Every structure is written in structure tokens, then in C-alpha cells.
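2 protein chains.
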Amino acid sequence: MYEERIRRTELSQKITSAENAALLFRDNMVVASSGFTKAGDSKAVLKALAARTPVPPRNITLITGASLGHNTDGALAAAQVLHKRMPFQVDPVLRQQINAGEVLFTDQHLGESAELIHEKILPRIDIAVIEALIIEEDGSIVPTTSVGNTATFAEAADKIIVEINMSVPLSVYGVHDIFRTGVWPDRQIIPITGADTRIGRRSIPVDPEKIVAVVLTTTTDSPAQINAPDEKTSAIAGHLLTFFSHEIQKGRLQRSLRPLQSGIGKVANAVMEGFLDGDFHHLTMYSEVIQDSAFNLIDAGKLDIASASSITVSQPCYERVFNNFERYKPHIILRPQDISNAAEVIRRLGVISINTAIECDIYGHVNSTHIGGTAMMNGIGGSNDFARNAYLSIFVTQSSSKANSISHIVPMASHVDNTEHDVDIIVTETGLADLRGLAPRERARLIISNCAHASYKDELNNYFTEACRSGGHTPHLLQEALSWHARFQQNGTMLKTVHE
Amino acid sequence: MYEERIRRTELSQKITSAENAALLFRDNMVVASSGFTKAGDSKAVLKALAARTPVPPRNITLITGASLGHNTDGALAAAQVLHKRMPFQVDPVLRQQINAGEVLFTDQHLGESAELIHEKILPRIDIAVIEALIIEEDGSIVPTTSVGNTATFAEAADKIIVEINMSVPLSVYGVHDIFRTGVWPDRQIIPITGADTRIGRRSIPVDPEKIVAVVLTTTTDSPAQINAPDEKTSAIAGHLLTFFSHEIQKGRLQRSLRPLQSGIGKVANAVMEGFLDGDFHHLTMYSEVIQDSAFNLIDAGKLDIASASSITVSQPCYERVFNNFERYKPHIILRPQDISNAAEVIRRLGVISINTAIECDIYGHVNSTHIGGTAMMNGIGGSNDFARNAYLSIFVTQSSSKANSISHIVPMASHVDNTEHDVDIIVTETGLADLRGLAPRERARLIISNCAHASYKDELNNYFTEACRSGGHTPHLLQEALSWHARFQQNGTMLKTVHE
Numbered sequence: 010m011y012e013e014r015i016r017r018t019e020l021s022q023k024i025t026s027a028e029n030a031a032l033l034f035r036d037n038m039v040v041a042s043s044g045f046t047k048a049g050d051s052k053a054v055l056k057a058l059a060a061r062t063p064v065p066p067r068n069i070t071l072i073t074g075a076s077l078g079h080n081t082d083g084a085l086a087a088a089q090v091l092h093k094r095m096p097f098q099v100d101p102v103l104r105q106q107i108n109a110g111e112v113l114f115t116d117q118h119l120g121e122s123a124e125l126i127h128e129k130i131l132p133r134i135d136i137a138v139i140e141a142l143i144i145e146e147d148g149s150i151v152p153t154t155s156v157g158n159t160a161t162f163a164e165a166a167d168k169i170i171v172e173i174n175m176s177v178p179l180s181v182y183g184v185h186d187i188f189r190t191g192v193w194p195d196r197q198i199i200p201i202t203g204a205d206t207r208i209g210r211r212s213i214p215v216d217p218e219k220i221v222a223v224v225l226t227t228t229t230d231s232p233a234q235i236n237a238p239d240e241k242t243s244a245i246a247g248h249l250l251t252f253f254s255h256e257i258q259k260g261r262l263q264r265s266l267r268p269l270q271s272g273i274g275k276v277a278n279a280v281m282e283g284f285l286d287g288d289f290h291h292l293t294m295y296s297e298v299i300q301d302s303a304f305n306l307i308d309a310g311k312l313d314i315a316s317a318s319s320i321t322v323s324q325p326c327y328e329r330v331f332n333n334f335e336r337y338k339p340h341i342i343l344r345p346q347d348i349s350n351a352a353e354v355i356r357r358l359g360v361i362s363i364n365t366a367i368e369c370d371i372y373g374h375v376n377s378t379h380i381g382g383t384a385m386m387n388g389i390g391g392s393n394d395f396a397r398n399a400y401l402s403i404f405v406t407q408s409s410s411k412a413n414s415i416s417h418i419v420p421m422a423s424h425v426d427n428t429e430h431d432v433d434i435i436v437t438e439t440g441l442a443d444l445r446g447l448a449p450r451e452r453a454r455l456i457i458s459n460c461a462h463a464s465y466k467d468e469l470n471n472y473f474t475e476a477c478r479s480g481g482h483t484p485h486l487l488q489e490a491l492s493w494h495a496r497f498q499q500n501g502t503m504l505k506t507v508h509e
Numbered sequence: 010m011y012e013e014r015i016r017r018t019e020l021s022q023k024i025t026s027a028e029n030a031a032l033l034f035r036d037n038m039v040v041a042s043s044g045f046t047k048a049g050d051s052k053a054v055l056k057a058l059a060a061r062t063p064v065p066p067r068n069i070t071l072i073t074g075a076s077l078g079h080n081t082d083g084a085l086a087a088a089q090v091l092h093k094r095m096p097f098q099v100d101p102v103l104r105q106q107i108n109a110g111e112v113l114f115t116d117q118h119l120g121e122s123a124e125l126i127h128e129k130i131l132p133r134i135d136i137a138v139i140e141a142l143i144i145e146e147d148g149s150i151v152p153t154t155s156v157g158n159t160a161t162f163a164e165a166a167d168k169i170i171v172e173i174n175m176s177v178p179l180s181v182y183g184v185h186d187i188f189r190t191g192v193w194p195d196r197q198i199i200p201i202t203g204a205d206t207r208i209g210r211r212s213i214p215v216d217p218e219k220i221v222a223v224v225l226t227t228t229t230d231s232p233a234q235i236n237a238p239d240e241k242t243s244a245i246a247g248h249l250l251t252f253f254s255h256e257i258q259k260g261r262l263q264r265s266l267r268p269l270q271s272g273i274g275k276v277a278n279a280v281m282e283g284f285l286d287g288d289f290h291h292l293t294m295y296s297e298v299i300q301d302s303a304f305n306l307i308d309a310g311k312l313d314i315a316s317a318s319s320i321t322v323s324q325p326c327y328e329r330v331f332n333n334f335e336r337y338k339p340h341i342i343l344r345p346q347d348i349s350n351a352a353e354v355i356r357r358l359g360v361i362s363i364n365t366a367i368e369c370d371i372y373g374h375v376n377s378t379h380i381g382g383t384a385m386m387n388g389i390g391g392s393n394d395f396a397r398n399a400y401l402s403i404f405v406t407q408s409s410s411k412a413n414s415i416s417h418i419v420p421m422a423s424h425v426d427n428t429e430h431d432v433d434i435i436v437t438e439t440g441l442a443d444l445r446g447l448a449p450r451e452r453a454r455l456i457i458s459n460c461a462h463a464s465y466k467d468e469l470n471n472y473f474t475e476a477c478r479s480g481g482h483t484p485h486l487l488q489e490a491l492s493w494h495a496r497f498q499q500n501g502t503m504l505k506t507v508h509e
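Those protein sequence lines, which keep their order, are chains A and B.
Note that the first sequence covers residues 10 to 509 in this note's numbering.
Note that the second sequence covers residues 10 to 509 in this note's numbering.
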């Protein structure tokens, strides 16, 4: 039944197998793929590329929207296909190669990643692989569960391979809002004034001459792993919901709050689920990813609209949503990631941004990417697109982890992705620190007091007190500032031993 | 002749001395003042406040646009008036108190500093002191040489003291473009589509009932100290101009470039002066501050329009400009700092942003604020407002200074204000590193090779090589990463001695 999805009929002649399509790739190519937080990614062609015999092509630069599912990044990495990867990844095999220096990784703000392409900073894209719901008569492509950078790739690539995903119901048509800002010096205003503003078209313009192959697939997106809230995540959510209630009492917020952005992860999920019980109404989301919690809030009548660049949900939620998509469609808008993450819109709407930190330091700098200051975890993603321009920039983390051997509140962040200037609120299970308007010394007292784990509090206070003796606007002891991380490397714990 | 400047005639009855006006202040007040990079600041009332006998009020929170001139911050600090200061300062006496922990300093993005006020995060402003060219019949205020946060202060303050500056020629009327975005949840689009777009009114709306005193002054702005280009700054400018020429050859830029933003300082000045000779035409500026170089470019017919929040120039330039203002006015627009520094506009226009770094690390993180990681210099100012959203984010610094005892390229920045994700180009007198699209290990090789001083190159290469042995996406040796700064503290130089 692919005929109803390939409406430019001559393109049916381009239908081929993923294996044949994979033969189009050569060494040293720049390749782009649809896919954003594992949604709407290439399911067949990139996998076939990794499996190509006798040897797959080498030295490929791979650009996506954000992360791919189905271990595709891992398969490509294991087959030694990749030279460079951007702008985001979450794959353990690829991560290992990045940290070994075997694959170069350009860790970019997701909202800006299209610019290197349309400004011709990168070499031309040779082939783009795009998952599609429909190819329209004019050749334009209706995406599936994400938009990501696909509109940019479709415009910039020399050749396009389309994967028609027969498993995504046609009822998804109409959920996308494809708007292009244009390129400098003629960029347009993005006329979004509410999370629900529709400004674009339903499909991505494509020159049909560029479509060199069409592959039919039936594989659904990789399901998101949703961890149930636990004691810590529930405590974090509780602190935040109490904070919002207080802000409403002070007249700073209304019960509809402002458009919410929530990163991926169990804490963010717990916070969003928390809105089910609280006295909040007519909530909206202006975010990157729509997760299970958003659909639960829609079902509960709490969330009016969710705007993002992808739908990334668990298996049960996927079935519920895509078997009843007409019911959810009025509440959902999927946009290109340079629109979902646009500074202009985030600031205009006054987004409340909630993201996960790897660690925070006592002055409010946030490390979002690097374990121990050196090893890449996933990438900055959209966290700073939102944090930098949000009305409220909130970072959540546990106070400590791994049997208390790691404190996530440290004297000095071992890597900084979100600076003190952009971090309004830090929350751990022990409490919340509202840093707005505070000087560094005020922040340090509040963060240590409210957010640090009890077993690290004395050491943090000692560090701060000693550093204050040396003076400075941001007191530090440079020879000790990163000693907690060094101690963890040596001893397997940040806790001081009795002998030290 | 104040009558032609106080057009709401009843306010003439409020004319009083600065000393009398200073009696209106009480302990613990929140005070706001006009003034942005020393332009359009309070010349009389704040100074009289510092000099008030027997003792001036204590525990004052002082909020401005940016820095004040006439050593006003120093006088207030010396008189122990200040409890907290925001969002920027450049005063040596105040700086010393900030670094001693005696005055709290909230170092904020200049484009965001109004938000703490209109969102009621800060306590209400008790008194705002505003320098004015004219008070209109409706009570609205025409500012002088800066706009800064004055529109926000005028709206939010309980009481307003106006300083009518009789020395600023009336021909300045019409240069201001006062536009308010409104407050959340009803913020408006900022409809600027070119540096020359005018969107607002000529004066700042003021409830005349709030004006409690009018003081007449004749003092001009503190002149900017402009250092003539020297060998190093000329070399930096030369590298940048060559880079722009190459970008034009590659078809990425036109000869008009894109709207320029330039920070304060002799390097930025040298770069802007460099455009006098190059083959660039119809340049525009969308910046914070209009400095001498902009007027030289206007005179040379190179610069069509300069949009900013203040005019801050040397004494000779001040006389030239303000004695012939009708000639320059068509080329000048002064805007509120939340418009001059708005993420929305900076990104839409594709600004080319040039700011000074205190230090850069080998991976491209930039420290804009802290000497040795602890001591505040001036503040982040607008550097990240521009760098974060610019088309091109350029940071300039010398490779080394103080008889080569300080390397401005270091293994790890001792404080991060502009992260690796926001830094496109680093330039020192030794060369330029174009970091766009590069992974950290690629950046390190380029920065060390092109931007480090010869006498630090080997040590940087050794650090990088050794760190790569330990691995990681961003290789670091945590116990050595800040050792250069620690060594400078101990030995007075970052250079390794023979014994080490």
C-alpha cells in the first residue's frame, strides 16, 4: 500500500532495498540523516551502510537532528564508518570511540546546528537520508515523528534517499509546522507568539530530481526508556512544584505558568508528572521533545498544547498515541529544531526550562556534558538554547550518586556548559536554590545549604570558607578546585578518607 | 535656559540642588541610575549622595545600565554606601571592595538585566536618577547619550530624580528609539530587520507625578580613553581583516559584511579602524556602544548606520560629534539595552561580534571576567548577549602580556563566561583560529599553533599530548589544568622555571 504514500508516482520507480541504497555512499562523504532524540530516524539505510560488504565506506561525517535510535550510531561506529559526528549522540559504542579520540564529535547547540550547513561552513552534504510519512505530488516530504534538521538537509543535500515508514499512521499528517527563517542577510522574523502558533506548511519542500532512492520500512521508533519516579526524583519534583506554587502566590506566575521545556530523563519526567496533581491548569509546552508525561497531561486535561521537534515515548505510550492520533493531534505541533529551540521564541514566550545537570558548582556553573571534565556523555543538546534565553532556567540533579561516592555539587565544575549567568534555579532531592539576583558568595551559601548532600556539606563549607580567606569575587583555591574530581579518579570516591 | 528643556512647566518648581535631592535617599534603598558605558549617567546626584554629611545612607543596592563615569562608583564605594551593585562596573575602588567581599556584585548579561526588575525578582526600585535632555510636556523623558535600562527604571521606580544636562545639545533629540517588548506573558515581537530599523518613540514614558526633583547639570560624559593601535593590536586587526576578505572570496560574506558589534578596548578599536583601509563598503553596526572608530568610519563614508545603547567617545571625538550632531544623526540610533542586546535581533541580523577575552583555553572556552579565576575585572557586560547569538562570535586577546609572564592561551580557562559552544574565532597577534565545526582535539591543535605565544607553545603542546594519553573528548589533566594560574600566583609568572 505504498501507493498512497508516494503521491509523486514516478518516484515509485526509485523503490529499492536498503542494501542497494547503501551502495550509493562513498568514502569521505558528508551524510545527513533525519532523526531527533531517536524519533523519525533512518531505520534501514544507515544500518545497511554499516553492514555493507566487503567493507563499508570510511571517513564519513554524519550530521543528524539529534540522537539516533536502534543502535545505529553504535553499528556505524563499530564498523569504523565514522570520521566525524554532529551535533548530538547517546550511543555507548560511539561514545567510547569519541572519548578515545577515534571519532571526532562536534557538540553543538541543537538550535544552531543547521547554520554550519546553510552558511556553507561545512562541506556540501552528499546524501541525506530522510524518513517520510508521505512524498507529496510536488516531491515535498511529510516527516514522521520528528522534524529536526530535515528541512535544512533536504534543501542542502545533493542527493536524497527517502525511507517511507509504512508503520506510522497517515493520521500523523498535519502535525508538522515547517517554517524556514531564510538565510542571512535576509532572515525573517519567526512570528510565533504562543506555543500554539502555527506559521508554516505541512511538508518539507524537496526538489524531486534529488531523490535517488526510496526504501520502504515498517520499523517503529526505538522506545524511550522511562524510569518510574523514585524517592529522589519525587523529592526534586516536589521542591519544584512547591516553588511554582510560591511564585504564583507572589503574583509572579499564573496557574498556567509559562510554556514549559523539559529535558529528557527521569527527573524531568517526574517533574512533569507532578503537574498531574498540582493546582495548575492550561499548561503549555514549548520544548524539544514530547515525552510520555506530556500525553498523560493531555489526557488529564492539564496540558493544552505541546510544541517540540519530536515525539519520543515509551512503547506503551507509542501505541496509545499513534493508534489514536486524531485525538492528540490538536494538542501537538512538530517544528524544525531551529524553530523549537530558537532564542527569539524562547525569550519572547518566557519559557520555563528544566534540564538535567551532570554537576553544579557552588557558584552556579553547570556541567551538562563531561564526566570528570574530560569524557563526553551525550552532548549539550538543546539545554543551553533554552537555559540561555528562558524566563526561568532550572537545572536538576541528584545531590550525590553511586553510593554517595560522587557529589554532584562540587567546588568548581570540571567543565562548564551553562555559566553562572544563565542558571536561575538548582534543585536536588535535598532542596532548591533560587539564585536570581544573587552574587557568587550568596549563591555558594545557598547552594551548599539547600542542595548539597549532608556528607559533603562540611567539606564544601570548608572549601568556601578557606577560599574566601584568599578573597575574590568568586573565591577559589585553584590548587584544590578540581581536587574532588582528581580524588575520584584515584580513590573511586570524592569523599575524603580519614588519612587525608 | 532650562525652560526649553523642561516643557512640562510645573516641574520647574521641582528644580533643586543635587545636595537637596541627595537627602531623599535612605538606608537600604534600591536605587537605579541611567548610564551605560559612562555615557548619560548621573553626574550630580549620586556624587552628592556619596558626599552627604554627616554620613551618607548605607546598604544601598545600585542598578544601572552599565558602567558609570566620573568615578561615581568609586566615590559611592569609598563612602561605604553600597551593599549590592549590578549589572556592570569598571571602577578600581569598587572592584577592590567587590573582590574583598565587601560589596556584593551581580554580574549580569546586560541584555537581561531589566528582567529582574520587571519580573519583580528584585525589591521595588525606590528612586531612579535619570539624566535627561528634555522633559516633554507629557512628562516623558528624552535621554542624552545613552538609553541603557532607563525606560525600565522610569516605569518601575517609585520616585524619579531627573538631571537635566544643559551641556548636551538639543540636536540630539530624535536619535533615540524607545521600544518596549512588554512583560511576560505578553511580550511582543521586536520588529527590527536591519540595524537601521526604527520601531519606537523618541522619549521614555514617565508618570510626571513620580518626578520628585529636577537637578540642572552642565558636566559632560567622562571621556573614553582611546589607546592608539600598537604593533600587537594592529596585527590582530590585520588577521581579522584578512579573514573577512577570505570569507568574501569564498562567497560566505559580502563587502558590507553583516552588522558589526565591537566591545570596548584598544583591540576592538584597532579592528574597527582597520575597516577604513579595507575594501569594505556600506558597513553597519548593531552594537552596545558607539565609539570613536564608528564616527571615523561614518566620516569616511564606510559606515551607513550605527545602532547601539550609548555613544562613548574620547574628548576630541565628543566635541566633533556633539558640535555637529545633525550631520551624524541620520547614521545613529540609540536603543534600550534589552533591544540593542536582544538575542532575537542579534540572531536575525546575523551580527558579527568582536569581544575581548581575558583568556582562552586550548579548547575554546573564554574567560571574560575573572583574573586568575577569582578576581572580578569588570563583568561579562554584553559579550555573551552577542557571542551566544551572533553569526560569527570572535574573541580577541594578546597571546601573552606583562613581559610574557602571563599566557592568555591556557590549558583550562580559570573561569568560563563564553563556552566552547559559542566561540567561533580566536585571534591573537600571532594568528587566527577558525573553530567552526571542529571537535575539541582539532581546536586545541589550531589554537596552540595559531594563537599561543612562542614561549608557551611547547608547554601547551606537552599538556595537550599528555592529556590525550589519558583520553577523553576534551582531554585534561585535572591536577595540572589550573597549575599555570597557581604558578603565576606563586612565582609571578606562568613560565616554568628551569627547576620545575
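These aren't lab readings, by the way, just hints derived from the structure by calculation.
All of these numbers come straight from a predicted model, not from anything done at the bench.
We treat Cβ as the ideally placed atom computed from N, Cα and C, and that holds for glycine.
Worth double-checking, as some hints may not be accurate.
Quick list of in silico lysine to any residue cross-link-like pairs, SDA-like style, CA-CA up to 20 Å [claimed, not checked]:
1) B:259 <-> A:127
2) A:259 <-> B:311
3) A:93 <-> B:129
4) B:259 <-> A:252
5) A:129 <-> B:254
6) B:93 <-> A:445
7) A:259 <-> B:132
8) A:259 <-> B:165
9) B:129 <-> A:263
10) A:129 <-> B:128
11) A:129 <-> B:83
12) A:259 <-> B:128
13) B:311 <-> B:265
With the Cβ distance kept under 8 Å, some of the chain A side facing chain B (calculated, not the full set) [said to hold, decoys possible]:
14) 129
15) 178
16) 179
17) 180
18) 193
19) 359
20) 426
21) 451
22) 484
20 Å limit on alpha-carbon distance, applied to hinted pair residue 93 of chain A and residue 129 of chain B: 46 Å, violated
query: When you check the alpha-carbon spacing of residue 259 of chain A and residue 165 of chain B, does it fall within 20 Å?
result: Given pair residue 259 of chain A, residue 165 of chain B holds - Cα atoms ~17 Å apart, limit 20 Å.
message: Checking one constraint from the list: CA of residue 259 of chain B to CA of residue 127 of chain A, max 20 Å. Satisfied?
response: Answer holds: residue 259 of chain B to residue 127 of chain A is near 14 Å, not above 20 Å.
message: residue 129 of chain A and residue 254 of chain B were given as a pair; does the straight-line alpha-carbon distance stay at or below 20 Å?
response: Holds: residue 129 of chain A and residue 254 of chain B sit about 16 Å apart, inside 20 Å.
- request: Using Cβ atoms only, decide whether residue 179 of chain A comes closer than 8 Å to chain B, and label the hint accordingly.
  value: 35 Å, violated
message: So if I understand the rule, the pair passes when the alpha-carbon distance is 20 Å or less; does residue 259 of chain A with residue 311 of chain B pass?
response: 52 Å, violated
Residue 359 of chain A as an interface hint toward chain B, with CB separation required under 8 Å: This interface hint holds because 4 Å falls under the 8 Å limit.
message: Need the status of pair residue 311 of chain B, residue 265 of chain B: alpha-carbon distance at most 20 Å?
response: 9 Å, holds
- prompt: Can we keep the residue 193 of chain A interface hint, with Cβ of chain B closer than 8 Å?
  reply: 4 Å, holds
field: Hinted pair residue 129 of chain B and residue 263 of chain A, Cα distance within 20 Å
entry: 14 Å, holds
query: Hint check: is the beta carbon of residue 451 of chain A less than 8 Å from a beta carbon of chain B?
result: For residue 451 of chain A, the interface hint holds, since the closest Cβ of chain B sits about 6 Å away, which is under 8 Å.
- request: For the hint on residue 484 of chain A, just tell me whether its beta-carbon gets within less than 8 Å of chain B.
  value: 6 Å, holds
When held up to the earlier numbered hints, the structure conflicts with 2, 3, 4, 10, 11, 15, 16, 17 and fits the remainder.
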